[in-house]
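There are 2 protein chains.
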Amino acid sequence: MPSYKAPLRDFDFVLNELIKVQEVLPGLPGYEEATQDIFSSYLEAAAQFCENELAPLNRQADEEGCNFDPATKSVTTPVGFKEAYKQFCELGFTALDCDPAYGGQGMPKTLSFPIIEMQCSANVAWSMYPGLSHGAYSAIHAHGTDEQKATYLPHLVDGSWTGTMCLTEPHCGTDLGLLKTKAEPNGDGSYSITGTKIFISAGEHDMADNIIHLVLARLPDAPKDVKGISLFIVPKFHADGSRNTVYCGSLEHKMGIKANATAVINLDDAKGYLIGEPNKGLACMFTMMNAARLGCGMQGLGIGEASFQGALTYARDRLQMRAMAGAKFPEKAADPIIVHPDVRRMLLTQKAYTEAGRALAALLALQLDIEEKHPDADARAEAADLVALLTPVAKAFMTDNGYTAANLGMQVFGGHGFIREWGMEQLVRDCRISQIYEGTNGIQAIDLLGRKVLMDQGQKLRKFTKQIHKFCQANEGNAQLAEFVGPLAKLLKDVGDVTMGIGMAAMKDRDEAGAAATDYLRLVGHLTYAWLWARMAEVAYTKLDSASDDFYKAKIATARFYFAKLLPEVESLKATIKGGAKPLMSLEDGQFAF
Amino acid sequence: MPSYKAPLRDFDFVLNELIKVQEVLPGLPGYEEATQDIFSSYLEAAAQFCENELAPLNRQADEEGCNFDPATKSVTTPVGFKEAYKQFCELGFTALDCDPAYGGQGMPKTLSFPIIEMQCSANVAWSMYPGLSHGAYSAIHAHGTDEQKATYLPHLVDGSWTGTMCLTEPHCGTDLGLLKTKAEPNGDGSYSITGTKIFISAGEHDMADNIIHLVLARLPDAPKDVKGISLFIVPKFHADGSRNTVYCGSLEHKMGIKANATAVINLDDAKGYLIGEPNKGLACMFTMMNAARLGCGMQGLGIGEASFQGALTYARDRLQMRAMAGAKFPEKAADPIIVHPDVRRMLLTQKAYTEAGRALAALLALQLDIEEKHPDADARAEAADLVALLTPVAKAFMTDNGYTAANLGMQVFGGHGFIREWGMEQLVRDCRISQIYEGTNGIQAIDLLGRKVLMDQGQKLRKFTKQIHKFCQANEGNAQLAEFVGPLAKLLKDVGDVTMGIGMAAMKDRDEAGAAATDYLRLVGHLTYAWLWARMAEVAYTKLDSASDDFYKAKIATARFYFAKLLPEVESLKATIKGGAKPLMSLEDGQFAF
Numbered sequence: 001m002p003s004y005k006a007p008l009r010d011f012d013f014v015l016n017e018l019i020k021v022q023e024v025l026p027g028l029p030g031y032e033e034a035t036q037d038i039f040s041s042y043l044e045a046a047a048q049f050c051e052n053e054l055a056p057l058n059r060q061a062d063e064e065g066c067n068f069d070p071a072t073k074s075v076t077t078p079v080g081f082k083e084a085y086k087q088f089c090e091l092g093f094t095a096l097d098c099d100p101a102y103g104g105q106g107m108p109k110t111l112s113f114p115i116i117e118m119q120c121s122a123n124v125a126w127s128m129y130p131g132l133s134h135g136a137y138s139a140i141h142a143h144g145t146d147e148q149k150a151t152y153l154p155h156l157v158d159g160s161w162t163g164t165m166c167l168t169e170p171h172c173g174t175d176l177g178l179l180k181t182k183a184e185p186n187g188d189g190s191y192s193i194t195g196t197k198i199f200i201s202a203g204e205h206d207m208a209d210n211i212i213h214l215v216l217a218r219l220p221d222a223p224k225d226v227k228g229i230s231l232f233i234v235p236k237f238h239a240d241g242s243r244n245t246v247y248c249g250s251l252e253h254k255m256g257i258k259a260n261a262t263a264v265i266n267l268d269d270a271k272g273y274l275i276g277e278p279n280k281g282l283a284c285m286f287t288m289m290n291a292a293r294l295g296c297g298m299q300g301l302g303i304g305e306a307s308f309q310g311a312l313t314y315a316r317d318r319l320q321m322r323a324m325a326g327a328k329f330p331e332k333a334a335d336p337i338i339v340h341p342d343v344r345r346m347l348l349t350q351k352a353y354t355e356a357g358r359a360l361a362a363l364l365a366l367q368l369d370i371e372e373k374h375p376d377a378d379a380r381a382e383a384a385d386l387v388a389l390l391t392p393v394a395k396a397f398m399t400d401n402g403y404t405a406a407n408l409g410m411q412v413f414g415g416h417g418f419i420r421e422w423g424m425e426q427l428v429r430d431c432r433i434s435q436i437y438e439g440t441n442g443i444q445a446i447d448l449l450g451r452k453v454l455m456d457q458g459q460k461l462r463k464f465t466k467q468i469h470k471f472c473q474a475n476e477g478n479a480q481l482a483e484f485v486g487p488l489a490k491l492l493k494d495v496g497d498v499t500m501g502i503g504m505a506a507m508k509d510r511d512e513a514g515a516a517a518t519d520y521l522r523l524v525g526h527l528t529y530a531w532l533w534a535r536m537a538e539v540a541y542t543k544l545d546s547a548s549d550d551f552y553k554a555k556i557a558t559a560r561f562y563f564a565k566l567l568p569e570v571e572s573l574k575a576t577i578k579g580g581a582k583p584l585m586s587l588e589d590g591q592f593a594f
Numbered sequence: 001m002p003s004y005k006a007p008l009r010d011f012d013f014v015l016n017e018l019i020k021v022q023e024v025l026p027g028l029p030g031y032e033e034a035t036q037d038i039f040s041s042y043l044e045a046a047a048q049f050c051e052n053e054l055a056p057l058n059r060q061a062d063e064e065g066c067n068f069d070p071a072t073k074s075v076t077t078p079v080g081f082k083e084a085y086k087q088f089c090e091l092g093f094t095a096l097d098c099d100p101a102y103g104g105q106g107m108p109k110t111l112s113f114p115i116i117e118m119q120c121s122a123n124v125a126w127s128m129y130p131g132l133s134h135g136a137y138s139a140i141h142a143h144g145t146d147e148q149k150a151t152y153l154p155h156l157v158d159g160s161w162t163g164t165m166c167l168t169e170p171h172c173g174t175d176l177g178l179l180k181t182k183a184e185p186n187g188d189g190s191y192s193i194t195g196t197k198i199f200i201s202a203g204e205h206d207m208a209d210n211i212i213h214l215v216l217a218r219l220p221d222a223p224k225d226v227k228g229i230s231l232f233i234v235p236k237f238h239a240d241g242s243r244n245t246v247y248c249g250s251l252e253h254k255m256g257i258k259a260n261a262t263a264v265i266n267l268d269d270a271k272g273y274l275i276g277e278p279n280k281g282l283a284c285m286f287t288m289m290n291a292a293r294l295g296c297g298m299q300g301l302g303i304g305e306a307s308f309q310g311a312l313t314y315a316r317d318r319l320q321m322r323a324m325a326g327a328k329f330p331e332k333a334a335d336p337i338i339v340h341p342d343v344r345r346m347l348l349t350q351k352a353y354t355e356a357g358r359a360l361a362a363l364l365a366l367q368l369d370i371e372e373k374h375p376d377a378d379a380r381a382e383a384a385d386l387v388a389l390l391t392p393v394a395k396a397f398m399t400d401n402g403y404t405a406a407n408l409g410m411q412v413f414g415g416h417g418f419i420r421e422w423g424m425e426q427l428v429r430d431c432r433i434s435q436i437y438e439g440t441n442g443i444q445a446i447d448l449l450g451r452k453v454l455m456d457q458g459q460k461l462r463k464f465t466k467q468i469h470k471f472c473q474a475n476e477g478n479a480q481l482a483e484f485v486g487p488l489a490k491l492l493k494d495v496g497d498v499t500m501g502i503g504m505a506a507m508k509d510r511d512e513a514g515a516a517a518t519d520y521l522r523l524v525g526h527l528t529y530a531w532l533w534a535r536m537a538e539v540a541y542t543k544l545d546s547a548s549d550d551f552y553k554a555k556i557a558t559a560r561f562y563f564a565k566l567l568p569e570v571e572s573l574k575a576t577i578k579g580g581a582k583p584l585m586s587l588e589d590g591q592f593a594f
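First to last, the sequence lines map onto chains A and B. Position 188 of the first sequence, counted from 1, bears residue number 188 in full-length UniProt numbering, the numbering being contiguous throughout. Position 437 of the second sequence, counted from 1, bears residue number 437 in full-length UniProt numbering, the numbering being contiguous throughout.
Treat the hints with care, since some could be wrong.
No copy is singled out in the list; a pair is fine if it fits within one copy or between any two copies.
Here are the simulated lysine-lysine pairs, PhoX-like style, with alpha carbons at most 25 angstroms apart [to be verified]: (1) Lys-553 x Lys-578; (2) Lys-543 x Lys-582; (3) Lys-578 x Lys-493; (4) Lys-180 x Lys-328; (5) Lys-490 x Lys-578; (6) Lys-5 x Lys-553; (7) Lys-328 x Lys-224; (8) Lys-224 x Lys-553; (9) Lys-271 x Lys-73; (10) Lys-582 x Lys-553; (11) Lys-328 x Lys-508.
Just so you know, the hints here were simulated from the structure itself, not pulled from any lab data. Computed from a predicted model, the values in this text were never measured in an experiment.
Chain A on its own, in the form it takes in the complex (with noise of 0.2 angstroms):
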């Protein structure tokens, strides 16, 4: 089983000397008090607490999984997961970035984005818990009465509650309009819920004192599509102690995150309570939903820098044949395998893939720092836009890259890869679950693309590419950049000529933007990529002037080689867009025969 170092060093690099968030901190009231000291106290205790007593856990919970009692409907999570728990709860990671008012620490999301990548890395299962519960927390926050808040925040916030989300039902996911379960007014301002949800992360477990549902419903006369959904909050035991009526009524079988209870949650007049507008519940959700894809975004960039720990120290390990030009150990039997090219692939394309997420998530994460706290409207208005765009390529972008690693890290492995007492087909499979839920990749193409790009006339992503624009024109001179520069402004060009070329095409047939979306995706991923490395780089270049190091080294060496092995994707990309929507419409139904 790989053993797990946090990678502290690169959170540094990313936060302080990349994105400098110690240089927008201090203006964003609130969070004064998140100094660079603070910040590494508290990624230090991070860091030990997911080493110590997460990753240890991990595989064995993977094996045990959670069990449920059909007698008692109640759930056991796997050994050790309750301690941890409770351990983390104390360490107070439960109310890091929680509101002071109700209990919370107050820190930035800049802050709890690497704890969260720690846990994803350590034990990704076991960080659905305390993840979801902080979804509920920022839905009540954001639309709760005073009242609402005062209930569920602070137990929230203290981890002795925790939350779940409850949208899906049997026959509608991605569809939410065709959502079924029935909310009826019961006169004294409360709601009787019946209905069967699914797919509940978290639904029902053994870590904490209550859980809070929260549930999406329609209210009698409601209208028929997304208009007629409304929130409720339906917590697991009343104020009073009295046990509601929504019940696990089973648990999935799956491929991956096992040690996670993921529920049938059953309502049987269950008592709820309206939060937010009526009707207007799905509004409500994309608060948590919208966290919850840069959650699952932190899943894949995790599990990505977990499988490389593992298959860097195995490839360093294992000696399998010799150097191709020559035994580069001729004192060793053969030679370890890192020295073959092909394992450099592999484990490059991980390292590379997964500083460019670390490096996107802190980005994002000071985004919805100064989105919250920023005193200036207009600025508030700006992070909230590029948030807007970036977050289904975060989620989609760093999941697929992060399966991509973690089957490399895997194949690094050989055969043993394969077996699972070396946990790293576990990583395979816990990682592929964030290629679908919260909206599969494949809707997040189409957000990107219909709803963040095309229908807002392309101007989040002009307000983006001249970030990328500025950054190409003030290297234009920069010699040591060069290679990196070009390739970008090129890229941006390109970009831009696709889109339009989509959007033209899209107006004429709007399968033409479905055709394109996943492509398109990747596009604006790289893009986003490219731009982050050609920064590192940069920043790397700087450091190297004063002290020669190898970190800094290898930024550069990783950034060449994300430019000449994982960018030229682009060129298929835009070859396959170009294709269109007819190849994939123009066969009739009776034709898919098999």
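Got chain A; can you put chain B on it based on the hints?
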């Protein structure tokens, strides 16, 4: 769980309309009786067996796995496996393409390959028990003495005994030069063999009366490297019924193919018999290995087909959202997801890779038949060259594409794809090992580029590309095919240029070959598939003239999809190959740190 329907129509197309095996087989002595009617009756019988016997066992067997009893060192296979195997033997399928001199039915590989594909679609873990046996049959048939053949072959042919390949040891897989298992002569012509072998597929089970292990080991004073390896027959039971000291030590816990017993095999002065020349064991083993590599390719193909069938059925059934251009089925609550371009992209990717893979399998099977039976030595040599060149391509390209297809099939199912009961995630897990075993796909790439192309001065490649060139020339004026022939001819030239470029670079630095290999294999894979899709379109156009048929229309539409949406990958492959070895090799070891 997806039900399985054998693609008999497509087998017919590939065998009789595309590869036209009936124009060749009558000229191969021994295959005169393998008429189209004989093919049809065998294929239908195999289809019935795979659809009705094997496929229904697949899901439950994954849950159940194999059971090892440490007390008796015996293995129990999942419910139904034994009975299905018995029926398979009785139907004569173990004997299908075996030598009539030993009870075989003497059928060609062009018939056995589609039957292997069906087994892989229906139940890949099960298929490996007869699959490994057939490998042992081939090795003994090719290298055994008359006495060895008489002793072992009839039992392997009728299926009462099965076989294994015992190569890997804990410290060596790829690098067999490191293997330590020892063989001491007993003085009576037999040997005492001692060592530990791991990852032995079908290594111990309850399906047959005896297991014939083919074991690589070193004779005393044998050269240290691969030149000192010999091959031995080590039966579980001797001819007199006594138990040999070759025992299963444990079973591996794996990500997939859980119903195949992957055994640790301990040899403790086990009695064995040399097969072939001393110290030439690796060459003997490669008789099995090449077949096993093609067998892996068939696993990728078969699983891709199974996943496509599941995904297509689901995509027609699952109602979610409306078509972007407006409701296609306004009477339903929502449109079936097959209307969405991105879903069609996934289905067509599965379809295009699978059908091209099936064509490649048939092409290779015919070359194997020619290699074995053609009266003309030049024709045999020509066929052998094509098989040698395309075996690594078939192994790696078909398994990588199979894994892609399996993942796409799972993605089409959304969250349900992650749930074990639906069977789609099992296909992902079962497929994953095919990219690793029998030589990782990275090793295949080095075999192709290093051994089969560069060390051969490009002779085999030129023979292959000449066929493609002829096809392009012959269709130069064909307006219908111009959309395919143009890009194919361009790619053909590109592959020549790229090969030359790598060859020149590798002369200065051998790492250049290692760095390019994986991308190069995909490039040659796409050249092969592009050629096959152009040929399939050609056939389909001919048939369209006579009868307008959805099957042929689908072939043309799928060819278009392949050229528009999959083939453009070559654009990035050319670019990454051009990137060379330096971006992979420049990081010093310490710079990889995490």
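In rising order, the numbers of the hints this structure does not comply with: 8
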